Amino acid sequence: MINRRHFLSAAAPALALSGYPVHGFTKGPVEGRIVVIMLQGGMDGLLAVPPIGDDDLFKQRKALVASNPLKLNPLFGIHPNFKNFSKMLKSNEASIVHATSFPYTARSHFEGQNVSQTGSKIPFSINTGWLGRAMDLAKITGKALSLDAPLLIRGAPAFDNFYPANIGKTRTPQSELLNLIKNTHDGEVMVAIDKLSQASMNRPSKLRARDPLSLATKAGESMRELNGPRVAVLTIPEFDDHSSIGSTTGHHPKLFTLLDNVFYQLRSALKEQWDNTIVLTTTEFGRTVQENGSAGTDHGYGSVGLLAGGLINKSSVVSNWPGLSNKNLYEKRDLFATIDYRSVCAACIEAAFSLDHDLIVDKVFKDKKIARIYEHIFG
Amino acid sequence: MTKIKLKITLFLMLMVFSTQIQAEENILCIQKFLAKTVFNPGPSDGLWGKKTETAINQLISQANNFKSPNFKKSDAENVCKMLQGNQALKLLEIGQFKRFPIEILADVGEIKSVTDFDFSKIDISNNINYNCNFVILHRKGFKRASGKVQIDNGKLVFKTHKWKVGLASEGSQRFLIEEANLKLTQNGLRGIMPHLSYVGEGEVAKPVQYITLGENYIKATKPSTLEAGILGSNNYIDSYGTTYTFKILACSEKFNRTKKSMNKKLLCLQKSFTDKGMGEVLSSPGLELLSKAFIKDQKNLKDKSDLIKIGLDPNAVNKNEKHLLKLVNHEGSNFLFCRKLKG
Numbered sequence: 001m002i003n004r005r006h007f008l009s010a011a012a013p014a015l016a017l018s019g020y021p022v023h024g025f026t027k028g029p030v031e032g033r034i035v036v037i038m039l040q041g042g043m044d045g046l047l048a049v050p051p052i053g054d055d056d057l058f059k060q061r062k063a064l065v066a067s068n069p070l071k072l073n074p075l076f077g078i079h080p081n082f083k084n085f086s087k088m089l090k091s092n093e094a095s096i097v098h099a100t101s102f103p104y105t106a107r108s109h110f111e112g113q114n115v116s117q118t119g120s121k122i123p124f125s126i127n128t129g130w131l132g133r134a135m136d137l138a139k140i141t142g143k144a145l146s147l148d149a150p151l152l153i154r155g156a157p158a159f160d161n162f163y164p165a166n167i168g169k170t171r172t173p174q175s176e177l178l179n180l181i182k183n184t185h186d187g188e189v190m191v192a193i194d195k196l197s198q199a200s201m202n203r204p205s206k207l208r209a210r211d212p213l214s215l216a217t218k219a220g221e222s223m224r225e226l227n228g229p230r231v232a233v234l235t236i237p238e239f240d241d242h243s244s245i246g247s248t249t250g251h252h253p254k255l256f257t258l259l260d261n262v263f264y265q266l267r268s269a270l271k272e273q274w275d276n277t278i279v280l281t282t283t284e285f286g287r288t289v290q291e292n293g294s295a296g297t298d299h300g301y302g303s304v305g306l307l308a309g310g311l312i313n314k315s316s317v318v319s320n321w322p323g324l325s326n327k328n329l330y331e332k333r334d335l336f337a338t339i340d341y342r343s344v345c346a347a348c349i350e351a352a353f354s355l356d357h358d359l360i361v362d363k364v365f366k367d368k369k370i371a372r373i374y375e376h377i378f379g
Numbered sequence: 001m002t003k004i005k006l007k008i009t010l011f012l013m014l015m016v017f018s019t020q021i022q023a024e025e026n027i028l029c030i031q032k033f034l035a036k037t038v039f040n041p042g043p044s045d046g047l048w049g050k051k052t053e054t055a056i057n058q059l060i061s062q063a064n065n066f067k068s069p070n071f072k073k074s075d076a077e078n079v080c081k082m083l084q085g086n087q088a089l090k091l092l093e094i095g096q097f098k099r100f101p102i103e104i105l106a107d108v109g110e111i112k113s114v115t116d117f118d119f120s121k122i123d124i125s126n127n128i129n130y131n132c133n134f135v136i137l138h139r140k141g142f143k144r145a146s147g148k149v150q151i152d153n154g155k156l157v158f159k160t161h162k163w164k165v166g167l168a169s170e171g172s173q174r175f176l177i178e179e180a181n182l183k184l185t186q187n188g189l190r191g192i193m194p195h196l197s198y199v200g201e202g203e204v205a206k207p208v209q210y211i212t213l214g215e216n217y218i219k220a221t222k223p224s225t226l227e228a229g230i231l232g233s234n235n236y237i238d239s240y241g242t243t244y245t246f247k248i249l250a251c252s253e254k255f256n257r258t259k260k261s262m263n264k265k266l267l268c269l270q271k272s273f274t275d276k277g278m279g280e281v282l283s284s285p286g287l288e289l290l291s292k293a294f295i296k297d298q299k300n301l302k303d304k305s306d307l308i309k310i311g312l313d314p315n316a317v318n319k320n321e322k323h324l325l326k327l328v329n330h331e332g333s334n335f336l337f338c339r340k341l342k343g
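Quick mapping for you: the protein sequence lines, in order, are chains A and B. Letter by letter, the first sequence follows residues 1 to 379 in my numbering. Letter by letter, the second sequence follows residues 1 to 343 in my numbering.
Calculated from the structure, these hints are not laboratory results. These numbers were taken from a predicted model, which means no experiment stands behind them. Worth double-checking, as some hints may not be accurate.
Far from chain A, some chain B residues (derived; all Cβ distances over 12 Å) [unchecked claim]:
hint: 1; residue: N65
hint: 2; residue: L83
hint: 3; residue: Q96
hint: 4; residue: V135
hint: 5; residue: G147
hint: 6; residue: T160
hint: 7; residue: F294
hint: 8; residue: K322
hint: 9; residue: F335
Among chain A residues calculated to face chain B with C-beta under 8 Å, some are [claimed, not checked]:
hint: 10; residue: F76
hint: 11; residue: P80
hint: 12; residue: L89
hint: 13; residue: A269
Every residue, glycine too, gets a C-beta built ideally from N, C-alpha and C.
Hey, can you work out the whole structure from these sequences and the hints?
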């Protein structure tokens, strides 16, 4: 049985690459790339992109607003640690979607991460990821890099596993995690994972430290190749700041700097392929509007999505802003999500894989009611 | 006469009234459309108020990437037609979510490479060209990185590099090769370069650091024929307080244009010509001229005019221009030159 502590301790910076074109199976001159950065733990969207034009922001969380946010427009600002991302916003290479979330309100990491990766409204109802299904629909054949292949890209055809570091020096994974991975695969993949885990367990435990910046560089380098992968999934953990979340400085702002540098490294390493790329963040949920007694915030609902890449033509903040007065909050405590983040994911798939929106919502998300937001982000 | 006047008056009143009804219908058409979007036009009453004007202008501005159309009441008929035309569905879709433009007034700067460096006030050794090896040493003498670097008109162009990073993910091959921005001066290296950290057992991974060189250069004590600034120790301290030394060593000239070297290459080239029945590449006096003219020159020769002006036979140059330029511009060993010809 996997418990919460084991679940979160298994969350380390990770990278998975997928969608290597196979000769004779892919066509078309421009092949878009998608990079998903999973912000595990629940990013505080109000700290990242504060609605500085909403007076209730300062009434609700005075201590949790950076002292010098960069003003984006009369309603929104951005945390000063997003230095590179701000430049991308100014040069029309980035956009923000605010007051958004996957359709999940129960505030559990287990379930929230599952929903954000499967794209299903019901946790644990599907064993493939929305990105994997989109790759399947777009007939992007290939293999994925990563031992702990994220659920997000499961469902992609011809799925092979590979760890980006030397297996001999990889961290010995916990038996619960290995069993979890093994149980979600079948056939040859299951046998391969079993062999890998046995080999890994038999070696002395050595930590092969991986930092998100190096992984972002590796992802960008691989994806810029003509025959490189078209999909990458990066993970940045540790957003679950129940205490001492920080405002101008502190733990969350430190993670913002890291995320900002990941955006920069991806842009830098992708080179010309940046023009054909969309990078989007996902997080399982937002955080409470008001701070708790430990100068942190608890699990919430609405958050923010950050997008960057050359596929964006005109930067903007997309939001049906619900307001932050008590009457406008979800269950009187959380930012209301007024945009289903699956719309954003669908728009990114449409832009990068040239698939029709109706087909995406029907076949990938199995929910025809998901609204099209493509024009708002890529128009 | 009175009857005619009365008829005209009634007709005019009817005209005005019907125009007014039409105008109200156009405004109502706009308001009803907006009511299906997130742009609030106020009550659907057929009256052109501030809310209706703002809402329709915001919607159309959003659809046109924030170019405001500035519609007034007098445009209501055309706007209504537009909302009923073939753009209707797209506008309805766009109207479901609001977009707020990015209006950053602060100077956030452009996205630059992290290794951007201002060399404008530094005297760069522009005419220096060598192929060298380099090494980065820990203060205790451990080798942290090594590889090959080319000094191309004073700029360092890294060809290979290998870092010892312990248990960290292997260092990307792009860091020094793609990001380093170092130039040679009489007082050592200047500029910014990436530095990968060593991760020991149980330590967390450390991100790449960017080091500025040039503050601490110690000249070489041994006499050398190499220009000043190349040899010596470029010392720096990383963000964890550890001192490192960047050293350039074992340099050779980029182009080996001695008579002996050129002759060896010419022999290989001539053999290749003979095998293909292509005649003579260059006469012995020609080789003499070539070596004499360029032995100290480290410039890349670009075309035949460079060869003709030193006195080579124009006919021979015209015939074998490509091969002669390859011979003179070859970087690396004679063996490599000959092997390439065989390949």
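Tell me the numbers of any earlier hints that the structure contravenes, in ascending order. 1, 3 and 11
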